[in-house]
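Enquirer: Residue strings, one per chain:
Protein chains: 2
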Amino acid sequence: MSEETSQENNISPFGLARSTVKEQPLTKEELDKYTRYFNATLYICLGMIYLKKDPLLRSPEGLTTSHLKSRLLGHFGSAPGQSFTYLHFNRLIKKLNLDAFFISGPGHGAPGIISHAYLEGSYTEAYPEVTQDSKGLQRLFHQFSFPGGMGSHATPEVPGSLHEGGELGYSISHAFGTVFDRPDLIALTMVGDGESETGPLATAWHGNKFLNPVTDGAVLPVLHLNGYKINNPTVLARVSHEELEMLFRGYGWTPYFVEGSDLDSMHQAMAATLERCVTEIKAYQKQARDSGKPFRPRWPMIVLRSPKGWTGPSEVGGHHLEGFWRAHQVPMTDVATSDEHLKQLEAWMRSYKPDELFDAEGRLVEDLRALAPEGDRRMSSNPVTNGGNPVKPLDLPKWQDYALQVDPGVTLESGMTNFAKWLRDVVAGNMTNFRLFGPDETESNKLGEVYKAGKKVWLADTIEYDEDGGNLSPTGRVMEMLSEHTVEGWLEGYILAGGHGLLNSYEPFIHIIDSMVGQHCKWIEKCNQVEWRKKISSLNILLTSTVWRQDHNGFTHQDPGFLDVLTNKSPEVVRIYLPPDGNTMLSTMDHCFKSKNYVNCIVYDKQPHLQFLNKEEAMTHCAKGLGIWEWASTYPDEEPDIVMCGIGDVVTAEALAATALLKENLPGIKIRFVNVVDLFRLVSHQDHPHGLTDKEFDSIFTRDKPVIVNFHSYPWLVHRLTYRRNGSRNIHVRGYREKGNIDTPLELAIKNKADRFSLAMEAIDQMPNLNNRASAVREKLRDEQIRAVAYSFENGIDVPHLKDWNWASRNAGIQQKGEAADKKPAPAGAEARSTGS
Amino acid sequence: MSEETSQENNISPFGLARSTVKEQPLTKEELDKYTRYFNATLYICLGMIYLKKDPLLRSPEGLTTSHLKSRLLGHFGSAPGQSFTYLHFNRLIKKLNLDAFFISGPGHGAPGIISHAYLEGSYTEAYPEVTQDSKGLQRLFHQFSFPGGMGSHATPEVPGSLHEGGELGYSISHAFGTVFDRPDLIALTMVGDGESETGPLATAWHGNKFLNPVTDGAVLPVLHLNGYKINNPTVLARVSHEELEMLFRGYGWTPYFVEGSDLDSMHQAMAATLERCVTEIKAYQKQARDSGKPFRPRWPMIVLRSPKGWTGPSEVGGHHLEGFWRAHQVPMTDVATSDEHLKQLEAWMRSYKPDELFDAEGRLVEDLRALAPEGDRRMSSNPVTNGGNPVKPLDLPKWQDYALQVDPGVTLESGMTNFAKWLRDVVAGNMTNFRLFGPDETESNKLGEVYKAGKKVWLADTIEYDEDGGNLSPTGRVMEMLSEHTVEGWLEGYILAGGHGLLNSYEPFIHIIDSMVGQHCKWIEKCNQVEWRKKISSLNILLTSTVWRQDHNGFTHQDPGFLDVLTNKSPEVVRIYLPPDGNTMLSTMDHCFKSKNYVNCIVYDKQPHLQFLNKEEAMTHCAKGLGIWEWASTYPDEEPDIVMCGIGDVVTAEALAATALLKENLPGIKIRFVNVVDLFRLVSHQDHPHGLTDKEFDSIFTRDKPVIVNFHSYPWLVHRLTYRRNGSRNIHVRGYREKGNIDTPLELAIKNKADRFSLAMEAIDQMPNLNNRASAVREKLRDEQIRAVAYSFENGIDVPHLKDWNWASRNAGIQQKGEAADKKPAPAGAEARSTGS
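Residue numbers (my numbering), protein chains in the order written: chain A, 1 to 837; chain B, 1 to 837.
I should point out that these hints are in silico values taken from the structure, not numbers from a laboratory. Bear in mind the structure is a predicted one, so any value in this text is a computation, not a measurement. All C-beta atoms in this analysis are idealised placements derived from N, C-alpha and C, irrespective of residue type, glycine included. Heads up, a few of these hints could be off.
Unchecked claim - Simulated restraints, written as ranges between beta carbons of each label pair:
1) A/Asn-97 - B/Lys-452: 56 to 62 Å
2) B/Glu-315 - A/Thr-462: 16 to 22 Å
3) B/Ala-428 - A/Asn-10: 34 to 40 Å
Produce the entire structure from the sequences given, and follow the hints as far as they go.
Expert: Here you go:
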């Protein structure tokens with residue numbers, strides 16, 4: 001399909017290079033140097049896997065078992081192909097002064113990358129004790145895959161890495177995220193052919209429809225047809241050349257093939273192909289930038305087919321090694337017990353001629369050192385891989401200027417729609433370092449206002465209809481593709497490189513990326529322990545279209561359990577906020593956008609809801625993270641008879657309404673109303689930096705009074721957070737449980753006993769010393785509940801969470817915040833009377 | 001690329017049909033009938049969204065607001081394309097007597113499917129009150145998207161559905177799973193172009209490399225280029241025709257295009273194209289079956305480009321509707337308030353000419369009824385969509401015949417390797433209704449033995465190297481692709497259709513499919529409430545390569561939190577088992593394979609571990625789900641001083657060793673040892689059918705004695721399960737917490753205080769009334785712990801969980817099971833003495 005395509009269908013990775021590009025740019029001398037540099041990296045790879053002593057095999061007795069590590073760990077299989085690619089890109093970086101970095105998709109095979117970081121000096125700069133000599137080499141070997149040392153992936157300890165690859169599938173989406181708004185950057189991205197079978201990777205190729213050649217950099221993917229996974233051939237290595245080419249052209253790329261094992265011809269092919277690709281990238285960028293007309297180039301990508309375990313022995317013990325899955329991990333595992341294999345290993349290592357590669361001190365010889373770029377141009381040292389240079393804080397408009405005017409308990413507004421106005425101006429004020437991400441839900445989530453500052457990025461085809469409210473633009477600031485994996489990967493890459501952003505998603509479907517977010521938590525947790533790692537902007541996840549308002553979407557759209565997944569992650573990293581209303585939500589988002597190295601999860605529904613706090617109150621409340629709402633309590637200066645608590649928006653409104661019901665029907669009861677915004681306040685300060693001490697906790701929740709908690713998510717999470725608290729056995733939590741019907745919001749709440757009536761009844765049940773009116777009140781509440789259900793049925797399912805059902809009169813029962821709270825408590829058991837407030 | 005390709009690049013969905021296949025098989029009379037049947041379904045779609053009364057618009061005043069539902073819900077956008085496809089496949093089913101069913105990938109747009117199920121009579125068979133007349137029609141309309149009625153997706157309530165589509169991305173993998181081992185079945189699979197952007201869907205196309213044309217059925221995908229998601233164009237609808245064609249050829253399919261909006265020509269094109277596809281499918285199958293040589297056909301698939309909201313008004317209120325995203329959900333939302341739009345809606349509905357479609361009673365007119373297939377041939381009634389006909393139970397070999405010979409606490413074996421032998425024979429005995437699934441980890445998980453009964457299915461290319469232990473075969477029984485999404489989707493489809501299976505996965509990466517498993521739980525939960533739904537085989541998930549043995553893979557490979565995700569799901573559905581050793585594991589798997597309608601999660605590590613129970617004991621223990629191990633306890637007839645408890649394999653071994661340490665060092669202490677296999681035994685019987693009553697719980701764990709629990713997963717889950725128990729405040733749980741280093745198994749355990757020494761020290765701390773030797777013992781244990789760490793460092797990280805570290809002598813401290821336990825307790829505070837046992 002390309003003018004130069006002449007390959008037959010050949011899936012063997014062996015032989016002379018077969019390549020789309022035919023130039024041979026390297027001199028004989030260069031060929032020799034590249035082979036030697038390649039050998040140096042491969043020698044180091046083997047050293048990392050096998051040796052604990054005599055790193056350059058210079059002892060007179062040769063390689064003996066006493067030089068071997070007692071446990072052999074690490075992956076060799078994909079290291080040669082990765083090193084080879086890295087090596088040849090170095091040539092171009094030097095030649096064209098490129099700004100580039102390397103993403104190691106396969107992860108395993110990190111030795112192929114670490115060896116470069118070491119030879120280029122970056123590793124020594126990060127870890128001065130790993131010197132550029134035999135001693136340093138030995139240290140490097142020793143600490144690889146050793147407890148307390150470095151992992152067998154491109155972990156945060158590896159200079160130049162921003163992608164670990166422990167869990168596969170995110171290399172391409174990370175790469176795109178990294179180059180957004182960095183027009184000069186090239187992400188050289190090695191994609192494993194195993195990784196390429198994952199769903200997230202398979203769709204990430206479509207990122208090219210969202211990349212603007214004027215304002216963004218470029219991703220240069222190298223699909224590594226290494227041939228095998230752990231124990232199976234890979235799918236893409238076992239389809240015809242024609243299918244492979246069509247697949248990537250279909251994805252919108254221009255594939256260039258480099259296939260074979262013969263070193264000299266492969267060097268020529270890879271050098272020529274990379275140069276062709278970079279030339280094309282630069283030409284597309286120039287065309288778009290000169291004309292000011294962004295378009296969607298068919299960006300180049302490379303398919304590198306090389307043998308797994310390339311340059312290793314072709315056979316060991318009668319079994320294939322090079323070019324087979326047996327080379328995946330440690331290529332020869334029995335060298336400590338098989339003298340024959342130990343000799344074979346030694347011969348293999350010596351085949352790289354270490355004595356010609358390293359000088360007497362053990363340092364890479366000078367003519368080879370000259371092959372690597374210098375300073376920040378080294379891919380192992382590009383500042384973008386360490387949070388940029390440095391992270392530029394967001395220029396945030398004052399959220400208070402966007403606060404809702406609140407008539408407490410009466411104002412009915414969508415705090416989300418209001419937040420969208422602030423977010424619009426966040427976008428407008430940070431047009432090169434903030435983006436909004438989402439899987440086609442931004443409008444549905446009522447954030448469409450942001451389009452006024454930045455439309456949706458779209459480089460695919462457009463039609464005339466799009467003018468009718470399509471909000472598409474090549475230069476937008478909103479990134480939407482129906483793949484949670486892709487938008488999350490983009491966002492992760494974007495902030496890893498120093499940007500800021502927000503992912504908005506329907507609450508239930510965020511589970512799709514549980515595992516990605518978990519891996520990002522681990523990355524950050526680990527970075528916190530690596531001295532030279534700079535802090536980056538937090539990963540901000542806004543969950544909306546929440547469980548309590550999945551009216552007609554029903555059961556499949558109900559799952560608030562992402563919080564449970566997050567809660568298990570490191571307390572140094574995770575933060576969970578459940579603002580009860582619009583102003584607390586604004587304050588929370590402002591806080592999150594300013595924070596670093598966290599994963600912030602904010603849960604707030606998009607529908608119109610009652611508003612409670614004005615901006616000053618919201619600020620104070622959010623600063624404390626939780627607090628007693630005196631205006632909603634009765635006799636706030638007294639020890640309460642019962643504590644009512646809301647954690648979340650809808651559930652807080654219901655808990656407030658329950659409080660009003662109690663107050664109206666059982667005046668004299670001392671009710672304390674508590675709201676929690678910052679979920680980790682509940683946990684002990686020993687377990688999370690936001691946790692309260694027991695004393696603080698008791699001062700709010702008491703040690704011994706019943707606490708009725710209405711919680712946004714599955715109820716058990718609150719118990720998990722509070723099981724050690726003094727009053728834990730008095731805490732009664734309502735929340736969502738899996739049932740499985742289509743419900744009105746009211747029915748759903750009732751089914752979960754999270755509605756105002758159930759909560760009030762529960763409160764009555766928990767105060768056994770109430771006067772004898774209590775049981776009558778309980779029955780009255782039950783009747784009202786039944787009437788409410790009837791009302792909701794009569795009105796179809798269009799009842800905005802009982803908003804208009806008698807709320808106003810209920811609300812009258814709640815102290816207006818401006819007024820003084822009633823200071824004179826009646827005894828808990830006293831006859832009910834009207835408060836008159 | 002096809003001989004018939006003649007399309008220009010045209011992304012407009014409008015106009016005369018443009019199609020790859022040019023035949024025009026329909027007579028004029030047929031054309032008329034198909035249009036009318038199509039109209040009937042679309043009329044019903046609108047009725048479901050809009051009407052609560054006068055379902056056929058027969059009242060003299062016409063459509064008035066009083067006929068409208070008070071809340072308008074539902075999705076119209078993709079319904080016409082889906083109905084159209086369904087309709088034309090009906091023709092082929094009748095003509096060729098096909099065994100087929102329909103998967104509605106988009107989910108939303110279910111009215112398009114439900115209307116067919118109703119018109120074919122299946123709906124009435126399932127819900128007799130929804131009769132084939134005006135009254136039934138009105139019921140159908142009313143209960144759509146109404147509380148207690150049916151959802152707006154292809155939910156379990158919909159006859160003929162086995163795929164809900166609430167969460168998008170799994171239509172193709174479900175389809176493949178369904179047709180495995182069902183050679184005559186065709187899964188007509190409508191793939192939404194929104195859905196096609198998801199990762200899981202993007203890789204699921206590769207399923208064609210795993211489908212055997214001899215023994216499996218066929219998947220016929222219809223990619224519906226409906227053009228829009230909620231608010232955005234779809235990627236695949238906005239790339240060139242050439243790219244689209246190459247993409248699917250690259251995926252290994254033969255795409256046939258049907259594009260346009262003109263009804264007559266579209267009918268012809270779709271009829272001809274579907275017929276071509278089925279003819280090709282049958283020809284490929286015949287070729288493979290006649291020759292006995294399975295191969296990989298380039299299976300046909302269809303790209304259907306039709307306008308979103310096809311046949312709807314082209315404009316409403318000055319905005320595009322048909323062919324635009326505004327048709328996604330309810331096409332006109334303001335009909336209750338806009339008289340103009342109400343009139344427009346009426347005109348639209350009448351444009352389908354309901355009076356010519358339905359007779360006086362409101363039943364579909366006879367000549368149209370004749371278009372649908374009958375009985376089980378109706379896609380809405382195919383038994384495969386309801387668990388097969390019926391689910392054939394597995395023929396299981398007696399697991400006891402495979403039990404390990406156990407010298408308790410001494411035998412060191414991999415229970416997984418042993419299980420693999422039984423599993424091999426499970427495979428061998430059920431060659432057409434059991435498959436093993438996994439993402440390239442089956443061998444790594446030590447289950448490779450199964451290849452002797454059934455190799456890995458592989459229809460892609462092979463090379464000579466594969467003979468060297470590749471274990472590939474077109475007729476295998478093991479399904480491996482490096483996509484957890486795909487293998488999970490296959491397994492779900494396989495069991496939904498009546499098969500049985502097991503997914504094996506590394507524990508940490510199962511989070512990748514949190515959300516899929518959650519959706520399956522919801523499906524089953526809902527099916528339990530739908531009377532006519534048959535029970536299907538449980539979804540069995542075996543997690544191994546667990547957190548405690550992620551030696552060199554390190555931090556990214558540590559996450560046992562899938563259990564937390566499952567625990568939130570319906571107690572009617574989820575089951576979690578943590579067998580402590582090989583025989584309990586066998587017994588557990590046997591139980592799971594026999595169960596129905598559950599999601600069973602079994603956690604068991606693959607490494608060699610100490611064995612404890614013989615087959616009889618294992619059977620008894622598993623039947624109880626938890627129990628006191630008297631042989632490991634001291635003074636088992638007495639009320640204990642302390643309860644030691646293990647939940648999981650490695651952690652139970654450590655808890656046992658801790659018990660031995662205590663026994664040896666503080667003889668006279670009354671220690672009760674408990675092991676829990678069935679996690680939900682811990683929870684109240686009110687919350688889960690497996691839960692113990694408080695009385696039962698107390699009889700094992702006591703009400704007031706300290707309980708030291710060593711738990712496999714994050715420790716808080718145990719607290720979440722037991723917070724209501726009487727002794728909850730005495731329960732001290734050790735488990736995994738996120739730290740972030742590479743550790744030896746020993747260090748990892750120590751860091752989490754889950755090792756034998758820490759546990760023993762914790763036990764001492766929890767018994768404040770111990771005699772004055774206790775503090776000396778505590779120090780001694782601390783010393784031993786330090787020595788153990790030193791030992792582990794000296795020996796690299798190759799310490800199989802301290803197996804060989806002084807275990808033998810420790811073990812002597814545990815009562816041998818054959819011996820009588822010491823009956824005479826010393827008082828808890830008595831002077832330490834040697835037991836001499």
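Enquirer: Please go over all the hints and tell whether each is borne out by the structure.
Expert: Hint check results:
1. A/Asn-97 - B/Lys-452: 56 to 62 Å: holds, 58 Å
2. B/Glu-315 - A/Thr-462: 16 to 22 Å: holds, 20 Å
3. B/Ala-428 - A/Asn-10: 34 to 40 Å: At 37 Å between Cβs, range holds.
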